[in-house]
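These protein sequence lines map, in sequence, to chains L and S. Each step along the first sequence adds one to the number in the working numbering, with nothing skipped, and position 440 is 440. Each step along the second sequence adds one to the number in the working numbering, with nothing skipped, and position 123 is 569.
By construction, these hints were calculated from the structure, which means they are not laboratory data. Predicted model, so just to flag it, every value in this text is computed and none were measured. One or more of the hints may lead you astray.
[Said to hold, decoys possible] Calculated pairs, DSS-like style, for lysine-lysine (alpha carbon to alpha carbon, straight line, at most 30 Å):
{"#": "1", "chain 1": "L", "residue 1": "K425", "chain 2": "S", "residue 2": "K554"}
{"#": "2", "chain 1": "S", "residue 1": "K582", "chain 2": "L", "residue 2": "K425"}
{"#": "3", "chain 1": "L", "residue 1": "K425", "chain 2": "S", "residue 2": "K597"}
{"#": "4", "chain 1": "S", "residue 1": "K464", "chain 2": "S", "residue 2": "K672"}
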Amino acid sequence: MEQQYIDLYKAHRGMIKEHAAAVMNASRDEAFARFARLGFPTTKIENYKYTELKPSLEVDYGLNFRRLDFPVDPYQAFQCDVPGIDSFLYFVVNDGFYPETDDRNKELPEGVIICSMKEASEKYPELVATYYGKQSGKKDDGLVAFNGAFAQDGFFMYVPKNVELPRPVQLINIMRSDVDFMANSHDLIIIEENAKAQLLVCDHTQDDVRFLANRVTEVFVGEYATYDHYKLENTHNRMTNLMTLLIDQQASSNVISNVITLHNGVTRNTIEVALNGKHCETEVCGMVIADKNQTVDNFTSVLHNMPECHSDELFKYVLDDVSKGAFTGRLFVEKDAQKTRAYQTNRNILLHPSAKMRTKPQLEIFADDVKCSHGATIGQLDDNALFYMRSRGIPYNEARLLLMNAFMADVLEYIRIFALRDRMKMLVEKRLRGELSKCEGCVICQ
Amino acid sequence: MLVIKNLHANIDGKEILKGLSLTINKGEIHAIMGPNGSGKSTLSSVITGHPAFEVTHGTIEFNGTDLLELAPEERANEGIFLSFQYPVEIPGVSMVNFMRSAINEQRKYRNEPAISATDFLRLMREKKELVEMDSKLTNRAVNEGFSGGEKKKNEIFQMAMLEPKLAILDETDSGLDIDALRIVANGVNKLKSPENATVVITHYQRLLDYITPDFVHVLYDGKIVKSGGKELALELEARGYDWIKQEVEA
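Please take these sequences and the hints and turn them into a complete structure.
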């Protein structure tokens with residue numbers, strides 16, 4: 001499997017670099033060497049034990065090294081599931097930043113930069129070089145290394161010191177192709193000292209072909225800065241979505257990340273939050289609703305590197321049919337990270353005897369003055385509660401829905417954009433009813 | 447209204463009801479008493495359709511409908527209500543959502559339009575006053591963190607909201623202090639009409655001081671072994687159940 005990509009890289013190294021953001025080329029060969037050494041992760045590797053990627057990686061995907069435009073106008077073709085969110089709106093088609101932007105995006109505050117990685121590295125080479133690869137470059141992970149070798153572009157966002165974005169930023173990733181297709185992109189998000197921003201990333205598929213996206217997102221959050229990262233996946237069953245989200249938090253910063261998988265094929269989210277200054281606060285949350293043969297693996301790490309930080313982690317899954325879920329909650333508390341408060345909860349409901357859930361809290365605590373807790377449960381809907389509701393005239397299916405919605409409600413509390421929270425409540429309910437509006441490619445999901 | 451004939455029911459393969467017959471007409475209040483383990487709660491579970499119980503023999507008709515053919519929610523919408531001995535906590539589901547769903551399902555069943563928001567709130571307020579329920583409780587999740595007394599009041603509140611034809615109160619008096627008992631009983635009495643019927647399942651005469659039964663039945667070993675007027679309850683209070691057991695076994 002790896003060999004074809006190794007050969008491909010060797011044959012097209014020049015073309016890949018020629019069409020890529022210059023700053024991303026500097027470490028490209030190094031990343032490639034790492035990939036050649038590591039290969040793709042297999043289930044023999046502890047961190048990928050519960051997600052079999054082989055069937056996804058064996059597909060013969062097309063790649064677009066020449067950066068040709070795909071014929072699509074996302075503004076026309078695409079009806080987003082989260083309309084009415086007053087946002088700065090951007091599209092990435094496969095791995096290319098869609099050039100035309102909304103007029104309203106001109107209302108961005110002065111100094112804020114949102115563009116493609118390619119444009120950013122041409123116009124602001126020093127800024128980009130200061131941050132690019134600072135987190136991902138150290139990762140001994142085959143997917144991240146692969147991304148470093150093959151990603152040519154991505155989404156760039158920079159919010160300078162003391163600037164607060166008046167509206168959330170919405171980034172819509174659309175997979176669009178007539179043949180099986182792979183996209184690699186590397187996003188870079190920089191929130192400087194005392195700045196404030198919210199980003200909503202939506203992942204969608206448009207065509208009935210097999211897709212694989214391997215995206216790495218590096219986020220740097222400065223001192224006293226506040227950042228929200230919401231990720232909403234609503235893709236079809238032939239999508240393999242591999243995401244690595246790396247967040248670096250400086251002192252007294254506050255971050256929420258909420259990763260929601262509503263509908264998907266095979267999904268692996270690697271989320272790592274490093275608390276690199278005192279008094280950081282972070283909330284790492286997510287939910288999964290899966291059925292049929294969908295697979296979702298959320299692999300999370302919270303690194304308490306400095307004292308007096310507070311982390312809260314909450315993930316909830318509802319799994320039906322033969323779907324598979326996995327959750328890993330790694331928590332590291334460094335020796336000097338005294339007065340750490342870290343809490344972790346993972347709760348899961350299996351609606352069908354064939355659904356599977358693997359959950360693993362993994363706490364490694366080297367400091368001695370900390371407060372940490374973790375809890376993981378796997379169960380079914382409460383039969384007593386179901387009967388109680390039915391005895392009041394609420395039909396079985398409605399009663400189940402009420403219970404499932406109630407189960408997911410607290411994850412949605414971790415959304416600080418109220419319009420988005422309301423919209424998500426509705427989407428979750430629709431999904432649980434099996435009525436989620438399907439994107440075009442989703443006919444095959446029914 | 448309710449006609450039960452020769453009812454046999456099992457749970458986990460163990461027979462609990464062993465040929466129970468009972469007829470209840472509208473306007474009547476029936477008390478069912480009996481020692482622990484005689485099958486009182488099983489009877490209420492079987493009437494409301496709890497899936498854990500299996501009816502092996504006999505019939506239950508409710509206003510001419512074969513009740514055993516109906517799902518629990520259909521029975522509820524036909525007008526049967528059970529005040530649970532142990533009301534269930536449902537974290538995350540608000541009382542308001544829960545009640546609105548129940549009311550609207552009932553309306554749907556009767557081909558009536560959904561209730562408007564203002565009508566619903568007015569109805570909630572009225573019925574809360576009836577059972578002297580703290581207004582704040584309806585802003586919380588169903589029964590979550592309610593005290594024993596609050597849970598029982600909440601059962602009667604739901605009964606008031608749904609206005610059933612047949613209400614079964616399963617040990618509604620257990621765990622209540624004197625004041626709460628009075629409030630709950632008052633609520634039940636206010637909801638009483640010539641058109642509906644009430645079954646009170648209890649261990650003690652105490653509740654029957656407040657809710658006066660027309661008939662008292664003694665349930666023992668899965669059957670009704672003795673029926674009488676309200677004086678039977680007083681006799682049971684004075685003499686216990688042993689004399690009845692002896693009569694049955696003789």
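The hints, checked one at a time:
1. K425/L x K554/S: 24 Å, holds
2. K582/S x K425/L: 24 Å, holds
3. K425/L x K597/S: At roughly 29 Å apart (the allowed maximum being 30 Å), K597/S and K425/L satisfy the hint.
4. K464/S x K672/S: 15 Å, holds
When held up to the earlier numbered hints, the structure conflicts with none and fits them all.
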